[in-house]
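What follows is the residue order along each chain.
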Amino acid sequence: MEQFDALVIGGGLVGSAVAFGLTESGMRVLILDEGDVTLRASRGNFGLVWTQSKGVGAPHYHRWARKSARQWPTLAARLSELTGIDVGLEQPGGLHFCLSEGELSDRAEMMARLKREAGDFGFDYRMLTHQEAAEMVPGLGKQVVGASWTPYDGHVGPLPTLRAFHQAIQQGGGIYRPGSSVQDIDAAPHDFRIRLAGGALVQAPRLILAAGLGNIPLLPKLGLNCHIGPQRGQILVTERVSRLLSMPTLNVRQTAEGSIMIGDSKEEAVFDSLTQKPDVMRTMAERAVACFPWLAELQIVRAWAAVRILPVDGLPIYDQSAQYPGAFAFSCHSGVGLAAAHALLLAPMVRNGELSGECSQLSSRRFDHV
Amino acid sequence: MYDLRPTIRTERVSVVVNGRTISVPAGSSAAAAVLTAGSPLIRKTPVTGAPRLPYCMMGVCFDCLATIDGVPNQQSCMVEVVEGMEIAVQEGPRMPPGANENEN
Chain A
1 MEQFDALVIG GGLVGSAVAF GLTESGMRVL ILDEGDVTLR ASRGNFGLVW TQSKGVGAPH
61 YHRWARKSAR QWPTLAARLS ELTGIDVGLE QPGGLHFCLS EGELSDRAEM MARLKREAGD
121 FGFDYRMLTH QEAAEMVPGL GKQVVGASWT PYDGHVGPLP TLRAFHQAIQ QGGGIYRPGS
181 SVQDIDAAPH DFRIRLAGGA LVQAPRLILA AGLGNIPLLP KLGLNCHIGP QRGQILVTER
241 VSRLLSMPTL NVRQTAEGSI MIGDSKEEAV FDSLTQKPDV MRTMAERAVA CFPWLAELQI
301 VRAWAAVRIL PVDGLPIYDQ SAQYPGAFAF SCHSGVGLAA AHALLLAPMV RNGELSGECS
361 QLSSRRFDHV
Chain B
1 MYDLRPTIRT ERVSVVVNGR TISVPAGSSA AAAVLTAGSP LIRKTPVTGA PRLPYCMMGV
61 CFDCLATIDG VPNQQSCMVE VVEGMEIAVQ EGPRMPPGAN ENEN
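Respectively, the protein sequence lines represent chains A and B.
For the first sequence, my numbering gives the first residue as 1, with consecutive numbering after it.
For the second sequence, my numbering gives the first residue as 1, with consecutive numbering after it.
Every beta carbon over 10 Å from chain B, so not counted as near; a handful from chain A, in silico: (1) ARG43; (2) GLN171; (3) ALA188; (4) ASP368.
For the chain A half of the interface with chain B, some residues (derived, Cβ under 7 Å), not all of them: (5) PRO138; (6) GLY139; (7) ARG240; (8) VAL241; (9) SER242; (10) GLY258; (11) TRP294; (12) LEU298.
Note that these hints are calculated values from the structure, not bench results.
Each residue gets a CB set at the ideal place from its N, CA and C atoms; glycine is no exception.
Let's have the full structure, built from the sequences with the hints guiding it.
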């Protein structure tokens with residue numbers, strides 16, 4: 001039986017970020033990754049490191065998202081130092097466009113609420129007129145009546161990030177084992193044995209469940225309830241063009257290589273990542289073209305759907321099993337934006353055996369009274 | 001560098017590759033015309049400016065991007081030649097028309 005300091009189930013952005021953080025502290029980690037038959041949410045992200053609109057009515061989540069954004073430069077620098085991979089992080093601030101006076105006044109109200117709720121933590125933002133926004137990005141469409149802007153927002157390449165995590169973990173002595181389907185978990189406090197399909201047995205005093213929607217069948221084995229479901233998001237990608245957008249927006253961003261990505265679609269409770277509906281793609285494209293009319297000239301070279309994880313209240317869930325201390329389960333929607341918090345803040349908590357601060361407020365105990 | 005396979009197609013069309021007129025069998029792809037013409041490159045990559053030629057010839061690799069009849073970033077392996085077609089080097093990233101003007 002192979003022994004490790006921690007077993008991580010799930011090799012996507014959440015599992016890899018935590019595994020990286022644990023590896024950085026000298027622990028020997030095994031990542032069990034099921035394979036490309038799974039939904040692979042971490043291969044379909046839009047790539048925002050976003051804070052505006054995060055945690056309305058939940059200031060602890062807003063702080064957590066902001067802390068992650070603040071940690072991102074440290075994470076990107078460390079990954080680059082270890083692996084030579086540039087993850088393409090830029091945090092110049094971000095824009096959320098409003099296409100009607102109604103959208104704009106709702107947005108202004110929401111941003112004011114975030115600031116009120118942020119209290120001493122602070123929240124800088126500005127509501128912009130069309131003219132002010134047009135001075136920040138080229139070729140802004142006249143349908144954009146205004147925008148909100150915060151200095152904290154940014155974007156990053158999700159795939160280079162995932163690759164850099166995997167490389168850094170393996171350089172640090174961790175093991176990434178693809179094609180590893182969990183057959184059974186034998187749980188006891190600080191003693192977890194996992195039997196893999198094929199019969200191999202692995203053991204560690206810590207177990208981290210970070211398998212996205214794959215957490216659903218495994219949570220009961222750790223005495224935890226499930227509060228997540230699927231949400232499908234679609235993305236359109238254009239041909240590469242000259243550098244035009246100096247900052248990301250909620251629905252349109254330009255990658256470091258020049259492609260324009262168009263996103264921000266949501267379809268509830270869809271498990272299918274293999275088909276795409278033309279009506280959703282049309283709506284996304286129309287809104288993008290309303291924001292930047294010059295996009296209409298560009299060719300779409302790729303499109304995909306990804307089935308993402310959505311906790312029932314939209315906020316991430318960080319749990320340690322009360323029944324089996326040492327077992328943790330993490331589920332979140334924003335695996336890219338929160339990756340820095342997961343690697344640099346959450347992993348040390350796992351190592352120390354206690355979830356504290358914002359994470360303790362984001363446990364699934366919040367659902368107990370429902 | 002590249003020779004065409006023997007073909008039973010007898011009809012030929014003339015196309016212009018980087019300013020040079022050549023004759024290729026009707027039904028050829030624009031990428032095949034680029035290779036037949038012996039061009040040293042068909043695009044410069046948008047990230048590093050590296051010179052590239054068509055590679056997969058089946059619409060997958062995007063290394064054959066060319067400006068065809070004035071339209072940039074065309075996958076030339078997926079485009080059939082027509083008489084008088086102008087195929088030119090794709091110089092790095094495209095600049096979309098209108099991107100630097102604000103609508104008012």
